[in-house]
Structure formats: structure tokens, C-alpha cells
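Q: What follows is each chain in one-letter form.
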Amino acid sequence: MADLAAQGETPEILFWVGCAGAFDDRYKRVTRAFVRILEHVGVKYAVLGMEESCTGDPAKRAGNEFLFQMQAMQNITTLNGYGIKKVVTACPHCFNTIKNEYPALGGEYEVIHHSTFLQQLINDGRVKIEGGESYKGRRITFHDSCYLGRSNNIYEAPRAVLEALDADLVEMKRSKANGLCCGAGGAQMWKEPEPGKKDVNIERTEEALATLDGNAAALDNLYGVESGNAGATPAPKANAQSSIIAVGCPFCMTMMSDGVKNKERENNVQVFDLAELVASAEGLNA
Amino acid sequence: MHFSIQNILFLLVAIAGFGLFAWQARKIRANILVGRDRDMSGNVSERLNKTLLVAFGQSKMFKRLTPAFLHLIVYVGFLVINVEVIEIMVDGIFGTHRFLQFLGPVYDALMATNEILGALVIVAVVAFWWRRNRKPPVRRFQGPELRMWPKLDANIILYVEVILMAALFTMNTADLKLHQLRGADMPGTFPISSLLVGLFPTSETALHVLERVGWWAHIVGILCFLNYLPSSKHFHIIMAFPNVYYSRLVPQGQFSNVESITHEVKAMMDPSYEVPAPATAPDGSALAPTPFGAKDVNDLAWTNLLNAYSCTECGRCTSVCPANITGKLLSPRKIIMDTRDRMEEKYNSPLIFSPNLYGQEAKHESQEVLDKENHTLLRGYVTPEELWACTTCNACVEACPVNINPLESIVEMRRFLVLEESAAPNSLNVMFSNIENNGAPWAFSPSDRFNWADDLFVADKEAVTA
Ligand code: SF4
Ligand code: SF4
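Read top to bottom, the protein sequences are chains A and B.
Residue numbers for the first sequence follow UniProt numbering, so the first one is 1 and each next one is one higher.
Residue numbers for the second sequence follow UniProt numbering, so the first one is 1 and each next one is one higher.
The shape of chain A in the complex, shown without the other chains:
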């Protein structure tokens, strides 16, 4: 960004990478996938690089309002300094914080989550989802991130992206507004869970696996599944081709991947971010 500013230019969008996108080895792959898509469609974008700092989301959710506001003001100063108007991010936590909590502190931007951004690219025909890996007939279930879904009412964009893949999209019983948290929000990512019967990500992974497998008995054993609007249980899948849990959040990625490992299902269930799915369908894998 600094380089661009030195040339007296402003980017169309600022890609907010986020700490997980910058440091988490698994999520770095998502960051790269998204950048490849940006390059592919030729959007003029920039990243802050070393000038980016934590949005303060985990501090705020944990109750450390002071630290949050320090972070927020620092980031707002940086963003305003570059005259940023539009921010795109792959992290729902960064998205929520910058979109909803920065304005009161002087940071007003148009903030877009990458699922919405990808949906727009697909709708505009700038991404055609061809030439790469085909998802036809593969079973995919989307895990709603709380900070995207319930917090900001974004349910359709990620599903629209997945539908464009022409995959076999199945819904978990707890989905959309009734979705179950992956267990990482509210700064849980950085601490051990409190004592209980099981970890939240295990409960959620069990549900995802049972949905992908079409295992009705396992679904009935889960607590808290709403009765009224439960989706139909998909039929068991004989096809050995691996299924996919799609996510749109770095924390969900970690939690669901850990859950799949815990259940020893890595051999036939993979966890992918929306950007990775789009990039590989478009043949953009390096």
C-alpha cells in the first residue's frame, strides 16, 4: 500500500488480510488463493502488509475494551491516511469489527466479506468457474460462521458461490440463523475450553460429518437440533469420492479441521475455504 501511495495511486479495494490470513499456515493458503483470484480478474487492489495490525476483535470480545480501541484507532489512522474507501476481507471477525464497530471511532468504509465479493465476481461473469477442478457431484456442506451469519445476516452469498460450483450442496440441520458455533468465537480461540462434556468443535464436526454421510441416526443424537425447520436428511452416499466442509472464516477452518482430524476422517473429508474452492475451480492453483 505504501508503494502504491508513493506512486500517487489509490487502489479499488484494500484487501484486509487479517492475522490468521497472514500467520496461520493453513489460512495463508486461503490468502494466496484469494489474491490469485484478484490477479486473475484484474482488480486493482492493495494490502497493508506490515502496516496492518490486529483489528482488536479478540480483545473486545474478551472484554478488553481498552486494548480494542487502541488497535482500532491505530488501524483507522492508517486506513484514513491512505484514503481507503472499500475494504475486502476473508475474515468475518475483521469484517464485523471494521464494518460495525469502527464507524463510531471515525473509520467509515464500505466493508465487504470475500463471500459477497466472490458472489459478485461470479454474477458479473468475471469468474467463470471453469478450466480447473470440477466439483460436479461432490457433496459439500457449508458451515455458517456466527460473525458472518447471525451477526451480519450474510447467508446467501456463500451458498451462491457454492451453487456456482455445481456441487451437491447439503445443509446441516443447524444452519443459517440456527447455525451452531464452531467454538472459536469470543476469544475462545486463544484459551482452553471450560470443563464440559465435549468441545464445541467436536459437536459441530459430528453434525457436519453425519450430514455429509447421510447418517440419520447420528443426527438424531445431537442436542439442540431445531424440530420445526430441520432440513431433510440426505440419503447415504455410496460414492467414495471425498466430501467437503466449506467455511468462510479462519477460525471455523481451524476448528473444523481439528474436528475432522479428531474423528480420523481426513482421508475422505476435506475442509476448504470458499476462496480456495473458487480458485481451484477456475484453475488458479499454483
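No lab work stands behind these hints: they were computed from the structure.
Take the hints with a grain of salt, since some may be wrong.
In the DSS-like style, the derived pairs of lysine-lysine whose C-alpha atoms are separated by at most 27 Å in a straight line are [said to hold, decoys possible]:
{"id": "1", "chain 1": "B", "residue 1": "K63", "chain 2": "B", "residue 2": "K135"}
{"id": "2", "chain 1": "A", "residue 1": "K197", "chain 2": "B", "residue 2": "K50"}
{"id": "3", "chain 1": "A", "residue 1": "K261", "chain 2": "A", "residue 2": "K176"}
{"id": "4", "chain 1": "B", "residue 1": "K151", "chain 2": "A", "residue 2": "K85"}
{"id": "5", "chain 1": "A", "residue 1": "K176", "chain 2": "B", "residue 2": "K50"}
{"id": "6", "chain 1": "B", "residue 1": "K135", "chain 2": "A", "residue 2": "K198"}
{"id": "7", "chain 1": "B", "residue 1": "K60", "chain 2": "A", "residue 2": "K176"}
{"id": "8", "chain 1": "A", "residue 1": "K86", "chain 2": "B", "residue 2": "K266"}
{"id": "9", "chain 1": "B", "residue 1": "K135", "chain 2": "A", "residue 2": "K197"}
{"id": "10", "chain 1": "B", "residue 1": "K63", "chain 2": "A", "residue 2": "K176"}
We have chain A; now place chain B with the ligands onto it with these hints.
A: Quick look at chain B with the ligands alone, frame taken from chain A:
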């Protein structure tokens, strides 16, 4: 009109009933107003819309079909039977008999609907009773916070509703039979009571007594019930409306920014920034500084306290809470019930008796870990362990049929733990210092922030930045 001693008696009973209720309501209002100020004015049309949809229209109930349907019967029954209550009041005061009969065919329809709804209410109430008292009950009616008084309260409400309906049918049936014996025409249509006439005695005096007993039992029952409400989860039939009206309109993920901290941070970043003078008491003396976050009920916003009086203890919040589902101590319903109980302990108990404080020990399975020295909401009722289990997922907020927000109270108490007591779990303190020192919650150096671009196929780092 037969104006008699009965009418004077009725007038006195009615005045006593409503007067007592007003007295209780004032105390509850005072309790709610000990909360911190929060400006909820404006957005009237949006708020009214929400109230219409969520409170009157019960839109959030329909996430679960069986209870939604049963609840709808009782709710509509309550609304329609209220029309009859108006008639009873007028009859009672002026000595008229079935004063609304001038409505003619409308009266027929009204009475018929009333009776059918009354019968359906009894069916629904039996179903409710079974859902709560069968073994094991519906999962959300279990849980430590629902023992003792809350459990009894839920059943009392159901019994009273049956008694009120029974009184109504006694009154109608006796009246109907009386008319039949005299060969007179009775105004109104009574589909259920006409089935019951056979069961009633044939003596005119007995019928007359039964009619009066039914009439008095119904109206006195209603007045008693009205005064029972403030002690009960059934208070939601009134409080749901203001509570939904004053619910949050911003996205659920948006947490409040603490304003006093904003001033401090601005002053730190820009020495020339002028922090507004702190508020002073009317006499000009400095007020005691308000703590960050919430330790006790008066540190919460008044809307959080309004929440506590609107809770129906239905447990929809707890049954979708990921922490609770996986066996952690946190139950958002308990946080809300604790808030109400603490208000009544510290301030007015608006009630004639204080049942909400009965059986506290049973509610707190973790009583040993409660800090009795700190007799405040935090630690005295709610343990840090409960608070730290919250993932801030907003599932409880989404689930609540009356738009209660348990998450707001949880975050306020976490703020107190962190900012006033520095009592965060150690691993969170590590995260805080990482953010402070490295600008990231993990212990990575900021200079590595761009390493993800190292093996990007497109181009070298420079190309990406530029
Ligand atoms: S926000 Fe907290 S209390 Fe509410 S459902 Fe989620 S984890 Fe439970
Ligand atoms: S807070 Fe809402 S959902 Fe939870 S028990 Fe009370 S009324 Fe029910």
C-alpha cells in the same frame, strides 16, 4: 340493572386488585431504572414494526412448531377472553347482566369463539403440563436454574389457567340452564356449555349460586393472577411488549464502544485532545467514577434489566447455546434470571412475597465456587467460569422469542473482570500482550506479516504491494 351490595363489593375488590398491581408495577419500574442510562429514543416506526411482528405476531415462536401452536391458542384465548372480562367488569360495577348482548350476532360469535378457545386452552395447558412434568421433561425445562420456585411457578400458572377456564364454563353453563328452565332465551351461543348443561343440578337456587360462584371465581381469579404476575415468569405477557420495542436495532455482531475509554485512548494518541469534563451531581460535586463493565445490576443498562423482567424462562436461549449444549456451566437463561433475582435482593422486592429468591442454592449447582463475600451479581450469582465459556455466537439472542440479549450482560461482566480486576484467564492475558506487542493475537513478529506472499505464483512481493 339490579344494583346491590354485590356491586359495591365488586368495586372494592376491583380497586384493591388494580391498586395493588399498580403498587407492584411502580417498584419494578424503580428496579429497572437503577440501570445505567441508555438512549433508546427515535426509530419509532421501526420499533413499532418489530413490536407488531415479534410481540403481537409472535414471529420468533415459530422456530419450534409444537410449542408455537400451543402457545398461540393460549395467547389468542387470552386476548379474546379479555373482551369478556370487560363485560364482567361492567356487569359487576353497574349490576347489568351480559351487557354486551346488544351486539347481537356479534355477541353470539364472540361467546362461541370464547368457549371454543377456552376448551382449547385447557387442552393446550394439559399438553404444556405434560411437556414439563413427564420424565424426562423437554430438555430446556431441565437445568439447575429451573428447580424450586421456577418449576413450581410454571405449574402454578398452568393450574390457574385451568381454574379460570373452569370458572368461566361454570358461569356460562349455570346461566344457560337457568334460562332453559325458565324457558327464556339466553343471549349468545355457547357450544361447550350447552354440552355441559346435563351435568348441572335442576334447582334454580343451586344454579343461581353456581352462576355467581363462577362469575366471582373468574373475576377474582383474574385479579389475583394479575397480582401474581410480578412474582412470576408469566409477567412476560406484559413486559414482552416494551422489551421488544426497546430491543437493539443494530447488527447483532456490533458490540457497544465504551465512550469513556474512547476519550482516554484519543487523549493518549493525541495530547491536544480535550477530554470532556466528567459529569457532576446536580449540586456540582464530582460523582463517584463509574466502573468499566458491570459488577452488579446497577452497572448494567436499564434495557438489560428490562430484559430480566421479560424473561419467560423458556430456555430457548440455553438450548441453542453451544457452551451449554456441550456441558459447560454457562446458561444464558440463568444469567437473565440471576439478574432479576439480584435486583430483587438488592432493591425492591416488588412482590407481596419474594419467591424468586427462594431456592437460590439449588440454582447454583456451583455454589461452592460462588464468592459469598462479594455479594454482587458477578461472583455472588454469576461465576467467571460461566462468563468465559461464552463464544459470543449470538445464538441465544437469535433464539429468544421476546428479543432478550443475554450476550450484552455477559460481555459487560467480562469487561469488569478484565478492566477492573485484571482477572482474565492467563491464556487470554498472553493473547492481550501479543496484540499489544506484535499487533497480532499470536506471538508472531509483525515483520513476518507478509510472508504469505513468498511463494505466491503470480509475482514477487513488490508486484503485490504495488
Ligand atoms: S452468545 Fe454466549 S451465551 Fe449466547 S448462545 Fe452463544 S455461547 Fe451461549
Ligand atoms: S432469555 Fe429469552 S430465550 Fe432465554 S429463557 Fe428468557 S425468554 Fe427464553
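Q: Each of the hints needs a verdict: does it hold here or not?
A: Here's how the hints hold up against the structure:
no.: 1; hint: B:K63 x B:K135; verdict: holds, 24 Å
no.: 2; hint: A:K197 x B:K50; verdict: violated, 38 Å
no.: 3; hint: A:K261 x A:K176; verdict: holds, 25 Å
no.: 4; hint: B:K151 x A:K85; verdict: violated, 55 Å
no.: 5; hint: A:K176 x B:K50; verdict: holds, 21 Å
no.: 6; hint: B:K135 x A:K198; verdict: holds, 25 Å
no.: 7; hint: B:K60 x A:K176; verdict: holds, 15 Å
no.: 8; hint: A:K86 x B:K266; verdict: holds, 24 Å
no.: 9; hint: B:K135 x A:K197; verdict: holds, 22 Å
no.: 10; hint: B:K63 x A:K176; verdict: holds, 13 Å
Consistency with the previously given hints fails for numbers 2, 4, ordered from lowest to highest.
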